[in-house]
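Colleague: Taken in sequence, the protein lines are chains E and U. For the first sequence, the numbering used here begins at 16 and goes up steadily by one. For the second sequence, the numbering used here begins at 548 and goes up steadily by one.
Honestly, the hints are just simulated from the structure, not real lab data. The model shown is predicted, which means the values in this text are computed figures rather than measured ones. Take these hints with a grain of salt, some might be off.
Covered stretches of chain E, going by a simulated chain U footprint (3 or more residues, C-beta under 8 angstroms) [stated by the list, open to error]:
#1 20-27
#2 73-79
#3 121-134
Beta carbons are placed, not taken as given, at the ideal position from N, Cα and C, and that holds for glycine.
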Amino acid sequence: MTRYLRYLVPLAIFIVLAAFLYRGLSLDPKRVPSPLVGKPMPEFSLPRLKDPAATLSDTDIKGKVALLNIWATWCVSCRAEHEVLVMLARTGKVDIYGLNYKDERAKAQQWLAQLGDPYVANAFDADGRTGIDWGVYGAPETFVIDRQGIIRHKHIGPLTVDSLNNEILPLIAELQSTP
Amino acid sequence: MTPELGNFALILGLCMSLVLATLPLIGSINNTPGWVALAKPVAWGQFFFIAISFAVLVSAFLSNDFSVLYVARNGNTQLPLIYKVSAVWGAHEGSLLLWALILSGWTVAVALFSRALPPEIVARVLAVMGMVSIGFLSFMLFTSNPFDRTFPVPLEGGDLNPLLQDFGLAVHPPMLYMGYVGLSVAFSFAIAALIGGKLDAAWARWSRPWTMIAWVFLTIGITLGSWWAYYELGWGGWWFWDPVENASFMPWLAATALVHSLAVTEKRGAFKRWTVLLALLAFSLSLLGTFLVRSGVLTSVHSFAADPARGLFILVFLVIVIGGSLTLYAWRAPNVSSGGGFDLLSRETLLLGNNLLLVVITAFILLGTLAPLIYDAMGWGKISVGFPWFTTMFVIFTPFLVIIMGLGPLARWKKQDPGDLARQLRIALLLSVAAGVLMALPVFHEGNVWAGLAVLLSVWLLSSVLLSLRLRWRYRKGLAGILRDLGSRGSGSYYGMVTAHLGVAFFIIGVTFVTQFDVEQDIRMSPGQTVELGGYSFRFDGVKVVQGPNYRADRGTIHLSRDGADVAVLHPEKRTYLVQTKPMTEAGIDPGFMRDIYVSLGESLGGGDWSLRLYYKPFVRWIWLGGILIALGGLLAASDKRYRMATVRSTAPARAASKRLATEGGSR
């Protein structure tokens, strides 16, 4: 019997794999129901990327509708996303803040010098502690924050022109029209 | 009207594949020669109708027929001619049609070049290919029809994704699909052999050239993809471990193992069960790749539009094809006799060792690719597996792979005396270690351990290949003997192996040197300014706006010189395509055997100043040179006279034996 069993191993592995793939179909890798959506943003206070002496904290962001974008130079998708952010910043529709996540300061500064700087300001989160508070799974991620400092939406993965037009910009317009 | 013709032809193609998948197979089992004889003409019929369907879609693109939804989304009147054609496979539906066309093409090729094979075997092989074809054609017709109409008819099309408007990407998918689909031939041969219930050397000899050619296409496809990523994406990377890239790399690794394992089965009759499993695995992995790319279960830079209905369809198809074939394997494999025995140290064990390593690497890549999905499904949260994980894994396993690659060709079949092998390879070992240490220590360069390891491994491969050539030289009694021997049986395989292994040596050097020694600089430059990097001077001569056929570009000019002598003028561009308004970078590259100079244009900083990224990339071409050599090696091996002899002579006893086998299998 055992002689036959070993030839069933490949089939067994495949069945497990197929079960995962089936489960995967009903999951959207891009959307995570963040427990933070609808809650005030976590408090933080971090050195700024360009000027380590100054700090950026949650209170700086409060008071207007803003985006917080989690990014890093080691993240390939962030580079794909960057051009979109630069384009968005040029429209002046919304302030974009950055959280430079588990990165090296020099590299990150070089990145902004090379590719353009869409951010109002960047917080430098070297050890990723603040990222953990924000429930960051991986860069890039983008949070939409309203005037009261409440997180309204979380976008996982790179922002695209489509996702801006269909999700983010309508939401921003709606939030900006409510006092 | 014409698009409906394409649709209708597709339906007829499906009818043909339904016939192909059933009647010849049944005929081969209950000995009905009339049904068996159906296989070849029906295979031709299937190809004919799918080709018509494909031609209709091409002509819809050429004539800008935007009443066809697929053309309206991906075509455009301004698109240059070559991209109008390549737009056919630029998105999901059309690429499936290309896939189906290639599959039916391979089916016809098998029908054409298998005269020497017993008709029952051919019928079974073609029937299995017909089953695969049913899956793809019905997938297309039920969920992703490229001929769907749209109303009202748009005046202009949505244009082909600018990333794909490039020669490299126009030819990359067809090459890759030739490889993926070509593996279905090896798969079908394996299934046919399992149905017959007996695997033998003849089976291995038939499937070997097919597998080899599919593997060559896959190699070329992957190499092209990597080269494209390098010059088109604008940051000089050549491999990203993206799920889609992994989806092509995993079948390649499995097929590499298969190609080697088939050699053992053909020559020594050993590893039969393992070889057949690899044949199933290689094609299963290319199907799995299709699922991953098109179902949206993973995030990827270049995934197709995701649709759960499509995902479910492919998954069901996967379960039928892979699950079915593995069930057949579990049922039949225990009764397959094990072949010739071999000692603990022999060419067989070395090949088996490398086979296992290749499969382990494949498994790790699969795990890394699916990890985000598995985490999510288990409720452990979301993760992304990046570069470091894959690279570490690769750096750990490759050295072992290469060490065995050096030993294998020199070892004897069946039994190798360890002392003998050690004596033969003494010099190779000495040379490679010396070269590696020299490279690792700061002798004529700043020392670098990784470069040292790469040089060690490459010299090891090179010297083992040279040693093997020297043995051949001695055995054939000099140059005259070698030349006389060139056209003989087995020499294609041998020189193919030599070429491909040299390709690996080049590849290792290329990968390691470009990662360890590349120099890059991000810099703000004003017109007229000069910068030094890697021994070259870069003079920035400003940016001009130029108009392309369907884009507008900022085009920079860089004068490259070395020691006062002009080397090249580079024109990096930043293009904005008119329809999809996506900004695209076109790098300015001065290619060279020993180094590339690579410049990409960043942002305008005002006042004529621009940010630029300058790279000095040593030995980067060796990566693709390695790929080309590996493909060339495969081509040489596939052209071995042995396979042609097998078809021409088709020895009477062998034919009788296979016939007996086929009927035995049927009556069992």
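Colleague: Could you run down the list of hints and mark each one as holding or not?
Modeller: Hints, one by one, checked against the model:
With a cut-off of 8 angstroms between beta carbons, the segment 20-27 of chain E has 4 residues touching chain U; three or more are needed, and the interface restraint holds. Counting residues of the segment 73-79 of chain E whose CB lies closer than 8 angstroms to any CB of chain U gives 0, so the stated coverage by that chain is violated, three being the minimum. Proximity of the segment 121-134 of chain E to chain U, defined as three or more residues with a beta carbon under 8 angstroms from a beta carbon of that chain, is established by the 6 residues found.
The structure does not agree with numbered hint 2 stated previously, though it agrees with all others.
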